[in-house]
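Colleague: For reference, the chains in residue letters:
2 protein chains.
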Amino acid sequence: MNVLIVYAHMEPQSFNAALLARARAVCAARGWPVEVSDLYAMNFDPVARPTDFTARHDPDFMRYDKEQRAALPAMGFAPDIAAEIEKLRRCDLLILQFPLWWFSVPAIMKGWIDRVFALDFAYGGGRWYDKGGLAGKRALIATTTAAFGQMLAPDGINGDLEVNLWPLQNGVLAFCGFDVMRPFLAHAVPYVDDAARRDMLEAFAARLDGIDGETPMAFHRRDDFDRQWRLKPEVEPRTVGHYFARVPPAVRAKLGR
Amino acid sequence: MNVLIVYAHMEPQSFNAALLARARAVCAARGWPVEVSDLYAMNFDPVARPTDFTARHDPDFMRYDKEQRAALPAMGFAPDIAAEIEKLRRCDLLILQFPLWWFSVPAIMKGWIDRVFALDFAYGGGRWYDKGGLAGKRALIATTTAAFGQMLAPDGINGDLEVNLWPLQNGVLAFCGFDVMRPFLAHAVPYVDDAARRDMLEAFAARLDGIDGETPMAFHRRDDFDRQWRLKPEVEPRTVGHYFARVPPAVRAKLGR
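From first to last, the protein sequence lines stand for chains V and B.
Per the UniProt record's numbering, the very first residue in the first sequence carries number 1; after that it's consecutive.
Per the UniProt record's numbering, the very first residue in the second sequence carries number 1; after that it's consecutive.
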């Protein structure tokens, strides 16, 4: 199993760095080749720009996804994008490892997604979800927070973490075909003691060691949707983003929707 | 009413540019002073870095939010951050205008949030939600999509847009105290005709013209939560991220949760 770890942390002494080192060790022990895109160390530019393409398909009007589509067949991407696309092609397991900033990835990782998950490579032309361009690969979000777990519970002050991660787990990863594993979450990292942090490192190592045998999270398949791209009536909503399709009207009224 | 428009699009002929021009015109007609942070034109750097501070509070270990806290009293931020903080201080209405990329903001705007919404300025020390650092200001997300509206409906293939926008609308804006207006959404922009795009421009102008009289969306207040930061039992969950607190166990089982 080829592993690609995309990593976004600027402090080499951080707990994130310790998680990364642990992940490398587990992969080495299992004989899994690892590539690491250490975005800060690479000084990765997260801004999608016209210069991301070696030639312009439409020099008069910049539409980024159309330029991606035009660039793909001959890999006419800037070298930093082309290199990441090749890493993504090679991997069987993608790990996105980052501190949770504003309930999402840091900008340097958002830009890695914006620039690398190109139209017709990662998705496109109806190749969505289980038909996505990256189908057959596994993905895992591994993230650290400065909040206690109960603050990210369904009734917590920050709201359900599964809702907060939906745009990443469904909208990016499952959408492009990945089998998405349950996220690895290390909560309140700055506030717990060393023993608790050691426990989290061990838990991460155990998760990774067994990741090839895990059952992915449930997301809908493309064929659960009709030709208007709505859930077929006979399909039960199974994921957070679609649950509201069946929320009773009285409840929806309370939610002001 | 002072208006700050933070804008992220690289093509001056884009529909986003037309929305921006329309917003400027409405503000001029209403006599509202406008500042625009045109992130691409400014070549804004979205990457949070150690050099974001004129002096290091802890030179041995980089914890970004702690450095923000230490920098705030004497405004010891890099000039580009300091300028944006001052704009945010001056504004009564913040408009985030962007094309929806991966169900979120483009990286250049994510980094504007990462770097500018500093600890103790935008939030912190329990100043969350209606007690947040930016309380008393209004915020509006204005975004364009390349998807048809029904694809972002509760039963649509991409899932409920309100779920997708929850991390931004609740996790960033409401969390820091903003009164969050319903988002302005222009769907399927590349696929509709000029007349439809003109209608969307008019609809945006009408929204902005009346924005000072609009009722904000419902998000929980800080005091809806107990000392463990969980919803008090007597408080009815009102927003998408907290709804799962009261989802019946049988339904949750179906969702695999």
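No wet-lab data here; the hints were simulated from the structure.
The beta-carbon is built from N, C-alpha and C at its ideal position, and this holds for glycine as well.
Do not take every clue at face value.
[Claimed, not checked] Partial selection, computed: residues in chain V whose CB lies under 8 angstroms from chain B:
1. 47
2. 61
3. 72
4. 130
5. 228
Colleague: Given residue 72(V) as an interface hint, is the shortest Cβ-Cβ distance to chain B below 8 angstroms?
Modeller: violated, 17 angstroms
Colleague: Taking 8 angstroms as the limit, does the beta-carbon of residue 130(V) come near enough to a beta-carbon in chain B?
Modeller: Interface hint status for residue 130(V): violated (12 angstroms vs cutoff 8 angstroms).
Colleague: Can you verify the interface hint for residue 228(V): is its Cβ closer than 8 angstroms to any Cβ in chain B?
Modeller: holds, 6 angstroms
Colleague: Holds or violated: is the Cβ of residue 61(V) closer than 8 angstroms to a Cβ in chain B?
Modeller: holds, 6 angstroms
Colleague: Closer than 8 angstroms between Cβ atoms is the bar; does residue 47(V) clear it against chain B? Give me holds or violated.
Modeller: holds, 5 angstroms
The earlier numbered hints that this structure contradicts are 3 and 4.
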